[in-house]
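**Q** According to numbering that gives the first Met the number 0, the sequence shown is numbered sequentially starting from 0.
Hints were generated in silico from the structure; no laboratory data involved. One or more hints might be untrue.
[To be verified] Straight-line C-alpha distance at most 25 Å; calculated DSS-like pairs for lysine-lysine: (1) Lys1 x Lys62; (2) Lys24 x Lys1; (3) Lys40 x Lys17; (4) Lys40 x Lys1; (5) Lys17 x Lys1; (6) Lys62 x Lys40.
[Claimed, not checked] Restraint ranges, calculated between C-beta atoms of paired labels, are given here: (7) Thr61 x Asp20: 26 to 36 Å; (8) Tyr3 x Thr35: 11 to 21 Å; (9) His16 x Lys40: 17 to 27 Å; (10) Pro38 x Met0: 11 to 21 Å; (11) Cys15 x Leu63: 32 to 42 Å; (12) Ser12 x Thr58: 30 to 40 Å.
Note that this is a predicted model, so its numbers are computed, not measured. Don't be surprised by glycine CBs; every beta carbon is placed ideally from N, CA and C.
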Amino acid sequence: MKLYRFLSEDDTSAFCHKVTDALNKGWELYGSPTQTFDPVKGIMRCGQSVVKDVPGTYTPDTKLGEH
């Protein structure tokens with residue numbers, strides 16, 4: 000099955016670490032990164048989609064972060 004996750008975080012090194020961790024766990028980048036301004040917090044937010052092929056059959060109970 001192919002799994003999909005959207006990683007998001009404030010525009011700090013924490014976002015880069017989150018994406019780097021996913022890549023090192025076998026996830027692959029999917030599409031372009033995004034960035035938007037959060038007017039409530041007054042900060043920039045980043046996002047990146049990642050995908051991963053794993054054995055099994057998808058169900059809504061699949062824990063995406065555990066793969």
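**Q** Any of the earlier hints contradicted here, and which numbers?
**A** 4, 6, 7, 10 and 11
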